[in-house]
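> Given chain A, work out where chain B should sit, using these hints.
Heads up: the protein sequence lines correspond to chains A and B, in order. 3 is the number of the first residue of the first sequence in my numbering; add one for each residue after it. 816 is the number of the first residue of the second sequence in my numbering; add one for each residue after it.
Among the hints, erroneous ones may be present.
Unchecked claim - Partial list, computed: chain A residues near chain B (C-beta under 7 angstroms):
#	residue
1	L29
2	S92
3	L111
4	T115
Stated by the list, open to error - Anything over 12 angstroms on all C-beta distances counts as not near chain A; from chain B, calculated:
#	residue
5	L849
6	I854
7	A949
8	L1061
9	F1062
10	L1065
What the hints assert, rightly or not - DEER-style ranges, computed between Cβ atoms:
#	chain 1	residue 1	chain 2	residue 2	range
11	B	F840	A	K54	21 to 29 angstroms
12	A	V47	B	L942	43 to 51 angstroms
13	B	F1066	A	F68	48 to 56 angstroms
14	B	F1067	A	F68	46 to 54 angstroms
15	B	T878	A	A109	30 to 38 angstroms
16	A	Q67	B	F840	38 to 46 angstroms
17	A	P112	B	G970	34 to 42 angstroms
18	B	L824	A	V17	42 to 50 angstroms
19	B	L912	A	Q67	13 to 21 angstroms
20	B	L824	A	G30	39 to 47 angstroms
21	A	H61	B	V837	42 to 50 angstroms
In case anyone wonders, no lab produced these hints; they're calculated from the structure. Ideal Cβ placement from N, Cα and C applies to all residues, glycine included.
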Amino acid sequence: MIIYGVALLAFCYTVGQLLGDYLGNLLGVQANVGGVGFAMLFLVVLSDWLRKKGALTLHTENGIQFWNHMYIPIIVAMAATQNVKLAVSSGFIALAAGFIPVVLGMAALPLLTRLAKKTQ
Amino acid sequence: METLTAFVLKNGLIVAFLVVGVLMFVASIFSTHLTRKKIPGSALAILIGLILAYLGGHYTGGTKGIADIPFFAGFGLLGGSMFRDFAVLATAMGASLLVMRSTGWAGVLSLFLGIFLSFFSGVAVGLFFGYTDAVSLTTLGAGACTYIVGPVTGGAIGASSDVIALSIAAGVVKTLVVTVGTPFLAPHIGLRSPHAAMIFGGLMGTTSGVTAGLAATDPVLVPYGALTATFYTGLGCLLCPSILYLFLQLFF
Chain A
3 MIIYGVALLA FCYTVGQLLG DYLGNLLGVQ ANVGGVGFAM LFLVVLSDWL RKKGALTLHT
63 ENGIQFWNHM YIPIIVAMAA TQNVKLAVSS GFIALAAGFI PVVLGMAALP LLTRLAKKTQ
Chain B
816 METLTAFVLK NGLIVAFLVV GVLMFVASIF STHLTRKKIP GSALAILIGL ILAYLGGHYT
876 GGTKGIADIP FFAGFGLLGG SMFRDFAVLA TAMGASLLVM RSTGWAGVLS LFLGIFLSFF
936 SGVAVGLFFG YTDAVSLTTL GAGACTYIVG PVTGGAIGAS SDVIALSIAA GVVKTLVVTV
996 GTPFLAPHIG LRSPHAAMIF GGLMGTTSGV TAGLAATDPV LVPYGALTAT FYTGLGCLLC
1056 PSILYLFLQL FF
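This is chain A alone, in the form it adopts within the complex:
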């Protein structure tokens, strides 16, 4: 049943996001800490376990795959709701403070990837 897949997704989402909220509270920050990350780990582990038990039917998996394929349209909708006006009209300080970290991060990526590969 397709709803089993959607429900499995919703289960991982709920548990992960709640864990992220509680962790945020525990650390005293007003933000969710890693909610989706935890949810993803649950989903990977749970679906692997269910597949091994033969409980993950094609229909169940389709319930998850549907949302997987809805991902890009949702990102397009998200792009259309960003505060682009603010970003474009906010002057040099905001432009520089938003632009420079990205450039530095992009430059650091090859170094860090190489470092991580070396030590594996």
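Here is chain B on its own, set in the frame of chain A:
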């Protein structure tokens, strides 16, 4: 006209499905015929989305892009954090636990490095433009992390509202630069493997930017980038108003 308006208000999400579908169809035609598929349809669709967001903000003066126009109000729900996180989660289906585990520590390292790099470049920009107090500099540095870390930090340490607004703007700029820049820069910085995507997520941190940028680059990479990026904002909210603020107080 009144009936139409009432219908759209009541059925916003469904209308958003329709509009996004049409938008992606148009983008894929552009991609095939104007760029010979050199720029992927999804990247073009995201770009068109950003342009629409600008127009929405321009005409309504609101903060939610096209969603501030009543006809497109459903975009707020479809493009909001609930659906985004739910779909990002679904992309993890089929992601490799092995890769996640073996890149784990590098992901953690990239998170800290990403926050420090962003924070201190935000502080440097603030200094360059004449801010000299620790509170404003910390808030600007936090804004350079993400547009959530900025206002949360600024609120916690008592920054003025114009500095907080500036920090939000910096975070939004960062999200947009990552969204648009990633597909173009990916081949040059070795952003091809799940392994590199996890480190990328930690370095950039903006979940919206990372997931949109990777979607336009190679959708296979999305879950890996999202996995680390999702810890960034929380970690930033933890570090910026505490040790990073205290550190700046030593100098200013």
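> Next step is simple, just say for each hint if it's right about the structure.
Hint check:
1. Nearest Cβ of chain B to the Cβ of A/L29: about 5 angstroms, under the 7 angstroms cut. The hint holds.
2. Restraint check, A/S92 versus chain B: the minimum CB separation of about 4 angstroms is within 7 angstroms; hint holds.
3. Contact between A/L111 and chain B, as hinted, is supported at the beta carbon level, the nearest pair being about 5 angstroms apart and thus within 7 angstroms.
4. Evaluation of the A/T115 hint against chain B yields a held restraint, the C-beta minimum of about 5 angstroms falling below 7 angstroms.
5. Look at B/L849: its CB is around 18 angstroms from the nearest CB on chain A, clear of 12 angstroms, so calling it non-interface holds up.
6. Every C-beta of chain A lies more than 12 angstroms from that of B/I854, the closest at about 14 angstroms, which supports listing it as non-interface.
7. Against the 12 angstroms criterion, B/A949 stays outside the reach of chain A, whose nearest CB is about 16 angstroms from its own CB.
8. Annotated as non-interface, B/L1061 keeps its C-beta farther than 12 angstroms from every C-beta of chain A; the closest such distance is 15 angstroms.
9. Every CB of chain A is more than 12 angstroms from the CB of B/F1062 (nearest about 17 angstroms), matching its label as outside the interface.
10. Separation of B/L1065 from chain A is adequate, the least Cβ-Cβ distance of about 22 angstroms exceeding the 12 angstroms criterion.
11. Against the hinted window of 21 to 29 angstroms, the Cβ-Cβ separation of B/F840 and A/K54 comes to about 40 angstroms, which falls outside the hint.
12. Evaluation of the 43 to 51 angstroms hint for A/V47 and B/L942 yields a pass: the beta carbon distance comes to about 46 angstroms.
13. Distance hint check: the CB atoms of B/F1066 and A/F68 are about 53 angstroms apart, consistent with the given range 48 to 56 angstroms.
14. Remark: the range hint 46 to 54 angstroms for B/F1067 to A/F68 is upheld by a beta-carbon distance near 52 angstroms.
15. Between B/T878 and A/A109 the C-beta distance comes to about 32 angstroms, which sits within the given range of 30 to 38 angstroms.
16. Taking 38 to 46 angstroms as the suggested C-beta distance range, the pair A/Q67 and B/F840 does not conform, at roughly 21 angstroms.
17. Taking the beta carbon of each, A/P112 and B/G970 are about 36 angstroms apart, inside 34 to 42 angstroms as hinted.
18. The hinted window of 42 to 50 angstroms between B/L824 and A/V17 is violated, with their beta carbons roughly 34 angstroms apart.
19. Roughly 18 angstroms separates the CB atoms of B/L912 and A/Q67, a value that falls within the hinted 13 to 21 angstroms.
20. Judged by the Cβ atoms, the range 39 to 47 angstroms given for B/L824 and A/G30 holds: they are separated by roughly 40 angstroms.
21. Separation of A/H61 from B/V837 is about 29 angstroms and departs from the stated range, judged on CB atoms against 42 to 50 angstroms.
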